[in-house]
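Given these sequences and hints, build the entire structure.
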Amino acid sequence: MIINHPLLGPRDAAEFVYLGDASLIDRPDWEAEDAAAQFHAYGYLRDNPAGAHQELWYHEQGDRSWLVVTRDTTTHEITQVELARDVARARGRDR
Amino acid sequence: MSQTHRIGDGQVDRSREISFRFNDRWMKGHPGDTLASALLANGKKLVGRSFKYHRPRGVFTCGSEEPNALVQLRTGAHQEPNTRATTVELFEGLSATSQNHRGSLEWDLMAVTDLMSPFLSAGFYYKTFMWPRAFWEKLYEPVIRSSAGLGRLSMQEDPDHYDKGFLHCDLLVIGAGPSGLMAALVAARSGARVILADEDFAPGGRLNAETLELGGMAGADWAARVVAELADMPNVRVMPRTTVYGAYDHGVYGALERCTDHLAESGGKPRQILWRIYSKRAVLAAGATERPIAFGNNDRPGVMMAGAVRAYVNRFGVTPGHHVAVFTNNDDGWRTAKDLAGKGVEVVAVIDSRDKPAVCEVPGARHVRGAAVMDTVGRKGVKAITLTDGQVIPVDCLAVSGGWNPNVHLTCHQRGRPEWRDDLQAFVPGGALPPGMAVAGAANGQMTLAAALAEGQAQAKAQLEALGHTVANVDVPEAEDEPREAAAFWHVKESKKRAWVDQQNDVTVKDVKLANREGFRSVELLKRYTTLGMATDQGKTSNIAGLAILAEEAGKTIPEVGTTIFRPPYTPVPMGALAGRARGKDFRPYRLTPSHNWAEENGATFVEVGNWLRAQWFARDGEKGWRDSVDREVEMTRNSVGICDVTTLGKIDIQGKDAAEFLNKVYCNGFATLAVGKVRYGLMLREDGIAYDDGTTARMGENHFVMTTTTANAVVVFRRLEFARQCLWPNLDVHLISTTDGWAQFAVAGPNSRKLLQKVVDKEHDLSNEAFPFMACGEVTVCGGMPARLFRISFSGELAYEIAVPARYGNSMMDVLMEAGREFDAVPYGTEALGVMRIEKGHAAGNELNGQTTAHNLGMGRMVSQKKECIGNVLSQRPEMLREDAVKLMGLKPVNPAEPLIAGMHFINRNASANMDNDQGWMTSVAYSPSLGHSIGLGFIKSGDTRKGEILRAVSPVHGREVLVEVVSAHFIDPEGERLRA
Numbered sequence: 001m002i003i004n005h006p007l008l009g010p011r012d013a014a015e016f017v018y019l020g021d022a023s024l025i026d027r028p029d030w031e032a033e034d035a036a037a038q039f040h041a042y043g044y045l046r047d048n049p050a051g052a053h054q055e056l057w058y059h060e061q062g063d064r065s066w067l068v069v070t071r072d073t074t075t076h077e078i079t080q081v082e083l084a085r086d087v088a089r090a091r092g093r094d095r
Numbered sequence: 001m002s003q004t005h006r007i008g009d010g011q012v013d014r015s016r017e018i019s020f021r022f023n024d025r026w027m028k029g030h031p032g033d034t035l036a037s038a039l040l041a042n043g044k045k046l047v048g049r050s051f052k053y054h055r056p057r058g059v060f061t062c063g064s065e066e067p068n069a070l071v072q073l074r075t076g077a078h079q080e081p082n083t084r085a086t087t088v089e090l091f092e093g094l095s096a097t098s099q100n101h102r103g104s105l106e107w108d109l110m111a112v113t114d115l116m117s118p119f120l121s122a123g124f125y126y127k128t129f130m131w132p133r134a135f136w137e138k139l140y141e142p143v144i145r146s147s148a149g150l151g152r153l154s155m156q157e158d159p160d161h162y163d164k165g166f167l168h169c170d171l172l173v174i175g176a177g178p179s180g181l182m183a184a185l186v187a188a189r190s191g192a193r194v195i196l197a198d199e200d201f202a203p204g205g206r207l208n209a210e211t212l213e214l215g216g217m218a219g220a221d222w223a224a225r226v227v228a229e230l231a232d233m234p235n236v237r238v239m240p241r242t243t244v245y246g247a248y249d250h251g252v253y254g255a256l257e258r259c260t261d262h263l264a265e266s267g268g269k270p271r272q273i274l275w276r277i278y279s280k281r282a283v284l285a286a287g288a289t290e291r292p293i294a295f296g297n298n299d300r301p302g303v304m305m306a307g308a309v310r311a312y313v314n315r316f317g318v319t320p321g322h323h324v325a326v327f328t329n330n331d332d333g334w335r336t337a338k339d340l341a342g343k344g345v346e347v348v349a350v351i352d353s354r355d356k357p358a359v360c361e362v363p364g365a366r367h368v369r370g371a372a373v374m375d376t377v378g379r380k381g382v383k384a385i386t387l388t389d390g391q392v393i394p395v396d397c398l399a400v401s402g403g404w405n406p407n408v409h410l411t412c413h414q415r416g417r418p419e420w421r422d423d424l425q426a427f428v429p430g431g432a433l434p435p436g437m438a439v440a441g442a443a444n445g446q447m448t449l450a451a452a453l454a455e456g457q458a459q460a461k462a463q464l465e466a467l468g469h470t471v472a473n474v475d476v477p478e479a480e481d482e483p484r485e486a487a488a489f490w491h492v493k494e495s496k497k498r499a500w501v502d503q504q505n506d507v508t509v510k511d512v513k514l515a516n517r518e519g520f521r522s523v524e525l526l527k528r529y530t531t532l533g534m535a536t537d538q539g540k541t542s543n544i545a546g547l548a549i550l551a552e553e554a555g556k557t558i559p560e561v562g563t564t565i566f567r568p569p570y571t572p573v574p575m576g577a578l579a580g581r582a583r584g585k586d587f588r589p590y591r592l593t594p595s596h597n598w599a600e601e602n603g604a605t606f607v608e609v610g611n612w613l614r615a616q617w618f619a620r621d622g623e624k625g626w627r628d629s630v631d632r633e634v635e636m637t638r639n640s641v642g643i644c645d646v647t648t649l650g651k652i653d654i655q656g657k658d659a660a661e662f663l664n665k666v667y668c669n670g671f672a673t674l675a676v677g678k679v680r681y682g683l684m685l686r687e688d689g690i691a692y693d694d695g696t697t698a699r700m701g702e703n704h705f706v707m708t709t710t711t712a713n714a715v716v717v718f719r720r721l722e723f724a725r726q727c728l729w730p731n732l733d734v735h736l737i738s739t740t741d742g743w744a745q746f747a748v749a750g751p752n753s754r755k756l757l758q759k760v761v762d763k764e765h766d767l768s769n770e771a772f773p774f775m776a777c778g779e780v781t782v783c784g785g786m787p788a789r790l791f792r793i794s795f796s797g798e799l800a801y802e803i804a805v806p807a808r809y810g811n812s813m814m815d816v817l818m819e820a821g822r823e824f825d826a827v828p829y830g831t832e833a834l835g836v837m838r839i840e841k842g843h844a845a846g847n848e849l850n851g852q853t854t855a856h857n858l859g860m861g862r863m864v865s866q867k868k869e870c871i872g873n874v875l876s877q878r879p880e881m882l883r884e885d886a887v888k889l890m891g892l893k894p895v896n897p898a899e900p901l902i903a904g905m906h907f908i909n910r911n912a913s914a915n916m917d918n919d920q921g922w923m924t925s926v927a928y929s930p931s932l933g934h935s936i937g938l939g940f941i942k943s944g945d946t947r948k949g950e951i952l953r954a955v956s957p958v959h960g961r962e963v964l965v966e967v968v969s970a971h972f973i974d975p976e977g978e979r980l981r982a
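Listed in order, the protein sequences are those of chains A and B.
Counting in the working numbering, the first sequence runs from 1 upward without gaps.
Counting in the working numbering, the second sequence runs from 1 upward without gaps.
The reader is advised that the hints may include incorrect statements.
Over 10 Å on every C-beta distance to chain B, these chain A residues come out as not near it, computed from the model [as the list claims (entries may be wrong)]:
no., residue
1, Gly9
2, Arg46
3, Asp47
4, Asn48
5, Ala52
6, Glu55
Label pairs and their in silico Cβ distance ranges [claimed, not checked]:
no., chain 1, residue 1, chain 2, residue 2, range
7, A, Ala36, B, Asn911, 35 to 43 Å
8, A, Gly62, B, Gly216, 52 to 60 Å
9, B, Ser969, A, Asp12, 48 to 56 Å
10, A, Asp21, B, Glu419, 29 to 37 Å
11, B, Arg567, A, Ala52, 19 to 27 Å
12, B, Asp917, A, Ala36, 30 to 38 Å
13, B, Asn235, A, Gly62, 24 to 32 Å
14, A, Asp34, B, Thr673, 29 to 37 Å
15, B, Gly603, A, Pro49, 58 to 66 Å
16, A, Asp34, B, Phe129, 54 to 62 Å
What the hints contain is simulated information worked out from the structure, not anything from laboratory work.
Just so it is clear, the structure is predicted and the values come from calculations on it, not from any experiment.
No residue lacks a Cβ here, since even glycine has one placed at the ideal position from N, Cα and C.
Below you can see the structure in the form of structure tokens.
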């Protein structure tokens, strides 16, 4: 596979390490009333879509950027690649 | 034996002779021959034995689809089993042996299995070896094993080299037949970067095998001219002997180039190269493969594919027989008859299953309309054929054509499904091709020459235009559209004898019918039940006939039955090529510590720790075993001073005005309050609350920290910190860099460590206990001004420091430290002594931080702060993880000091029997403690913290051993920590 890195252009997937669902960005509030339940869902529950899937890839053999890659799980077509930091900020990570 | 069947030149160079050996016989061939063509030239019909029934078999095709002519090539360590004689290029001194027989090829003792064939039908193994159960291991498996498989491995290390490489291009053209050459020519003249790959050693595809003309010249000559033009162009890479075996994601193709397989000696060059080709676009021009018709005893040597027979005649100047009959269900089979007759070979008869007039004139041949071949005679070579009308015709070769299948394989590597075309009676590429791929020529169902050329040109043009190239105008040479009408005719129903569908796996028409009767009606089940389409040829000649017969039996159409999934590789790829250079010692790179040379010169024994080679101990003269060395290293360190290279621990430089807040979030204990110039032990948790990694972090400045991780987790901790920094807390002002390789770090431990360091660290730095107490850190200089970092931390439990210098000075630093330590009798120590001392001190390491244990288990539960946000603290508070009776890390000592402990022993109460119900925990680490004079251990024990003084059984059923142990504090040495604060 080839991942079109937003800063470095097309790079071979072998340079990357895969983590999983980009929902891992949405770490719950540790002070919430139901923090334990939220962290349980965060840690253990994932959607498994047949189709577009946002996932985290780490450019370990490169610039060490974490990326959010939107990949179709049925065709491996990659439709979007973003810096995970930009995604995290856009999703409202406040620190 | 002489070349009795050589009838002309073809494209071989008859001015030169090549000697080669098959089994014990030397024969002659010429440059340009394959092993198969040379064997046929020498009249050698019988070349192998079939897989299951050990039936005599001969050359069947002229390409990589060959199911029968599998031989062992070369000798000694170079021996390679299951090579296809039809693709092996002849070279001087080539040595091949037939395989899969006991005794000689001609008199195979295992041929008796053929007589047992009524008992060996599809699913035989599944049905037969079920009972009695006890027979499996003792009888069935050994017998099956000894008769399974085809060729044999040399059982020696492969002496050849293999390489891997990467290539990039605008257009990859797969196949150098007419449409591939046309596509490559268009792209090349348009200035695109082109790779043209073909599995054959002579590009041209079927043009080399046919008598068709292009633009007024012989097809093979046109191909040679185009290839010569392409080879001269700087933007083109022509790759003969290169099979593109797989179509992967995003335009990446796998290819195997056979670099020196056609030479007697590799001359030190890589034998094969596994290429990864990155293409913007691709044109697949893989051609088509002829398929047989199933009839009684259709597997005899001499029964061959019609297209192959005329390829041997036209390309190699070899006729497989002197009295040839052709059996066809289509127009193309007639061309074999015509070409053979044209070369003076006697064509006895053309048997056409269709009741239609002759397609062309074949001088001297009998035309049998609407008939079929029912049976053949001749055990080791066909002698005669019997037709459905009862005629018996003596022949020594029967050329069979059941039509042609487009080679759709690569179009399906991304789960695409081919589509059925009734007019061709074949599958053609379906709608969902791998992105970027276009198909041209016979592979796309354009079965005639003029159409194939035109499509090659058109597809290349379309692909280049999509890439924004200006496409050069290239004329398509004039060529004919040969007659290509074909009928659906798969097997001869009148045949009473066994009729082979898959010759490589000995699958007959009867087996396919049986599978259907027994309910294996899906093609995927049919394949696995009967083995149809498995092994080296993957059913290239047999699959469609199998499907057709299944469809017929099940009352379905062929497209309803469908095909099995095509997966890479298209043809077999050797393990050696997949491994490349990554084998043996080079399987992965080694990392050497900065003081490696010093350690080597001073007698170190090394151990692999992850990718690192670390000194394990330093043996001295007179020491009888590793324990002598390790005990001495521990004693000398504890009595005076020892030095150990600890560079392998991960080092992460953390800077930024939010660095302290960041550390607070990744460690479960607090770091925000750590003073500048101080070090703190930190524990990291996983988000699920399990302990993850530990180490020390030093605050070098207000906004500057240096973190250490365990050696094993250096890479993953760094990855995780970047994740936390970029994904979880993206607004923190903090930056990370790994400095593991930047600094050489040495532990200097023991009561004399301060005195030693005072000689090395420049005088202006006060190392007194007051000025530089336990857990202090700072920038210093050594040896008169060289920058260094000093940390007063202790893994051994002694007064100890770690000193770091730029990595390039690491080896000299070891010299300097040892020289300065001479007056104290300083000793270098390795990982074993390091381990002993940490067990004596009760420090957790990998055995304890094993991914199953919590801070609570480790006795560090109180470190997990609930007053701040940090990874893992929420889920670490789940009730089940905080149970009162959870296991706790404790020390263990044998009641009888003479008895050794074993890691992995489980604890059982004294009065209880040793079973898992009574399990009280397990021993994680053990060592012989030279300081205490007996074995000691660390282990997790249920409610261990309340059980000090209790005597337990430590049992290891695996070793058949049991020891009585006493539960003690994990801190065997200096439990109050007086030494390290001295």
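Discussion item. Given the hint of 29 to 37 Å, is the C-beta distance from aspartate 34 of chain A to threonine 673 of chain B inside that range or not?
Written reply: 30 Å Cβ-Cβ, so the 29 to 37 Å window holds.
Worksheet item: Is 24 to 32 Å a correct range for the gap between the Cβ atoms of asparagine 235 of chain B and glycine 62 of chain A?
Response: 29 Å, holds
Worksheet item: Does the Cβ pair aspartate 34 of chain A, phenylalanine 129 of chain B satisfy 54 to 62 Å?
Response: 57 Å, holds
Discussion item. Within 30 to 38 Å: is that where the Cβ-Cβ distance between aspartate 917 of chain B and alanine 36 of chain A falls?
Written reply: Given a distance of about 31 Å, which is inside 30 to 38 Å, the answer is holds.
Worksheet item: Looking at alanine 52 of chain A again, its CB stays over 10 Å from all of chain B?
Response: 16 Å, holds
Worksheet item: Falls inside 19 to 27 Å, the C-beta gap from arginine 567 of chain B to alanine 52 of chain A?
Response: 25 Å, holds
Discussion item. Quick check for students: does the CB of glycine 9 of chain A sit more than 10 Å from each CB in chain B?
Written reply: Consistent with the label, glycine 9 of chain A stays out of reach of chain B, its closest Cβ about 13 Å off (over 10 Å).
Fill in: Distance restraint hint 35 to 43 Å, applied to the beta-carbon atoms of alanine 36 of chain A and asparagine 911 of chain B
40 Å, holds
Discussion item. If I claimed the Cβ atoms of serine 969 of chain B and aspartate 12 of chain A lie 48 to 56 Å apart, would that claim hold in this structure?
Written reply: 53 Å, holds
Worksheet item: Against chain B, does asparagine 48 of chain A keep a CB gap of more than 10 Å to every residue?
Response: Fine: 18 Å to the nearest Cβ keeps asparagine 48 of chain A off the interface.
Fill in: Claimed clearance of chain B by arginine 46 of chain A, with the beta carbon kept past 10 Å
Non-interface label on arginine 46 of chain A holds, nearest chain B Cβ at 14 Å vs cutoff 10 Å.
Discussion item. For the hint 52 to 60 Å, verify it against the beta carbon of glycine 62 of chain A and that of glycine 216 of chain B.
Written reply: 55 Å, holds
Going through the hint list in order, the structure satisfies each hint without exception.
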